[in-house]
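All chains should be built: construct the whole structure from the sequences, respecting the hints.
Protein sequences appear in the order of chains P and X.
If you read the first sequence in the numbering used here, its first letter stands for residue 1, the second for the next number, and so on.
If you read the second sequence in the numbering used here, its first letter stands for residue 1, the second for the next number, and so on.
Certain hints may be false.
For chains that are exact copies, the list does not tell them apart, and a pair is met inside one copy or across any two.
[What the hints assert, rightly or not] Calculated pairs, EDC-like style, for lysine to aspartate or glutamate (alpha carbon to alpha carbon, straight line, at most 20 Å):
no. : residue 1 : residue 2
1   : K47       : D100
2   : K121      : D86
3   : K77       : E55
4   : K77       : E45
5   : K47       : E31
6   : K56       : E133
7   : K85       : E103
8   : K120      : D50
9   : K47       : E103
10  : K56       : D118
11  : K85       : D50
12  : K77       : E31
13  : K106      : D86
Keep in mind the hints are simulated off the structure, nothing from the lab.
Number of protein chains: 2
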Amino acid sequence: MTKLKFLPLCFAFIGLISCKTSQLKNLPAPETGMFKVSILYPAGEGKTFDMDYYEKSHMPMMAGFLGKNLKFYEIDKGISGRTSKDPAPFVAIGYFYCYDTAEYNKAVQQNITAILADIKKYTNIQPTIQISEIRQLSLNNPK
Amino acid sequence: MTKLKFLPLCFAFIGLISCKTSQLKNLPAPETGMFKVSILYPAGEGKTFDMDYYEKSHMPMMAGFLGKNLKFYEIDKGISGRTSKDPAPFVAIGYFYCYDTAEYNKAVQQNITAILADIKKYTNIQPTIQISEIRQLSLNNPK
Chain P
1 MTKLKFLPLC FAFIGLISCK TSQLKNLPAP ETGMFKVSIL YPAGEGKTFD
51 MDYYEKSHMP MMAGFLGKNL KFYEIDKGIS GRTSKDPAPF VAIGYFYCYD
101 TAEYNKAVQQ NITAILADIK KYTNIQPTIQ ISEIRQLSLN NPK
Chain X
1 MTKLKFLPLC FAFIGLISCK TSQLKNLPAP ETGMFKVSIL YPAGEGKTFD
51 MDYYEKSHMP MMAGFLGKNL KFYEIDKGIS GRTSKDPAPF VAIGYFYCYD
101 TAEYNKAVQQ NITAILADIK KYTNIQPTIQ ISEIRQLSLN NPK
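Rendered as C-alpha cells:
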C-alpha cells in the first residue's frame, strides 16, 4: 500500500523524461535528415510582395494542402544583404519542412491551379525553388 | 509533516512545466523575432564545394567566432529545384540563427582575414548573403 503513494511521483518523472526526449518532434524545429523546400522571392525593381497576405492567407492554405507531411513552415522577411547598407537579395523566403519530398510534390501538383491563382494575389515575383536536405543542426552556447 | 510528502511531487511538476516552457530556448530551434544570416552558394558550371570541410571545419570555426550571440547554425545540402529533374539552384546553404545582427557583423569583421582565407579551402563560389527576420513559425499537424 505504501508503494502506491509513489505512483504520482513516478508518473511525473516519466512525464518529465518524455517531455525532454520528445521536444524536437512536437515543436516547430528542424530535424537532421528532414527535407526543406525553400521558396525564395528575389528582390528587384518593380517587384511587389504582400507579406500580410502571404502570412495570413497563402501559407496557411499551403499548409492545408500539404497535410501531415508538413512538420512546420517558416516565413523570413529580408532585412539586408551582408551589411545593413546592402539591399536584401530576397524580399521574403518561405520554407516547408517536410518528411517526404515526393509527397510534397504530389500535394502541390494536385492543387496547382489554386496555388498559381493565389500567388498572383500577393506577388508578381517568380520565385526560385530549392529542395534541400538538412545536414546539420548545431546548438551553440545555450543560454 | 504530511505536507512534506508532496514536495518531491511538486518539484517534479515544476520541472515538467519548466521543461515544456523552456523547450524552444534550449534546442536548435528557430524563434520568431530572431535574425537569421543565410549564406547561399549558387550552383553553376565549374563551381566546387567541399561539404565535408564545410561541416567539420568551417562552420564550427564560425560558431566559435560568433559566440553567445549565435543560438545555432544549420547546413542544408541542395538536392534539386522545384522537381527532381531540375538542378538545385544552390549547392549548399548555411544559416546562422542570431539574437543580434550588429553583434554578428562585429564578430565577422573582427575575424574577416581568417574567414576569407578559410572560405577558399572549401569553395570557389562567391556566396549570396541575406539577413532576414524570422516572421513566423507554424507547426502543422504534430505527429
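A quick look at each hint next to the structure:
1. Neither within a single protomer nor between protomers do K47 and D100 lie at most 20 Å apart by alpha-carbon distance, with minima of 32 Å and 28 Å respectively.
2. Proximity of K121 and D86 under a CA criterion of 20 Å is satisfied in neither setting, with 28 Å inside one chain copy and 26 Å between copies.
3. In the homo-oligomer, the alpha carbons of K77 and E55 lie at most 20 Å apart inside one protomer (11 Å), although the nearest pairing across protomers, at 26 Å, exceeds that limit.
4. Taking the closest pair of Cα atoms, K77 and E45 come within 20 Å of each other only inside a single copy of the chain (17 Å); across copies the shortest separation is 30 Å, beyond that limit.
5. In this homomeric assembly, K47 and E31 never come within 20 Å of each other (Cα to Cα): the closest approach is 34 Å inside a single copy and 28 Å across copies.
6. Only between protomers do K56 and E133 lie at most 20 Å apart by alpha-carbon distance; the minimum there is 17 Å, versus 27 Å within a single protomer.
7. Taking CA atoms no more than 20 Å apart as the test, K85 paired with E103 passes between copies only; the shortest distance there is 16 Å, against 41 Å inside one copy.
8. Only within a single protomer do K120 and D50 lie at most 20 Å apart by alpha-carbon distance; the minimum there is 10 Å, versus 39 Å between protomers.
9. Taking the shortest Cα distances, K47 and E103 never come within 20 Å of each other, neither inside one copy (31 Å) nor across copies (31 Å).
10. Taking the shortest Cα distances, K56 and D118 sit within 20 Å of each other inside one copy (12 Å), while across copies they are farther apart (42 Å).
11. Taking the shortest Cα distances, K85 and D50 never come within 20 Å of each other, neither inside one copy (23 Å) nor across copies (30 Å).
12. With identical chains, the CA atoms of K77 and E31 are at most 20 Å apart between copies only, with a shortest distance of 14 Å across copies and 22 Å within one.
13. Taking CA atoms no more than 20 Å apart as the test, K106 paired with D86 passes between copies only; the shortest distance there is 16 Å, against 38 Å inside one copy.
Taken one by one, the earlier hints fail for this structure at numbers 1, 2, 5, 9 and 11, listed in ascending order.
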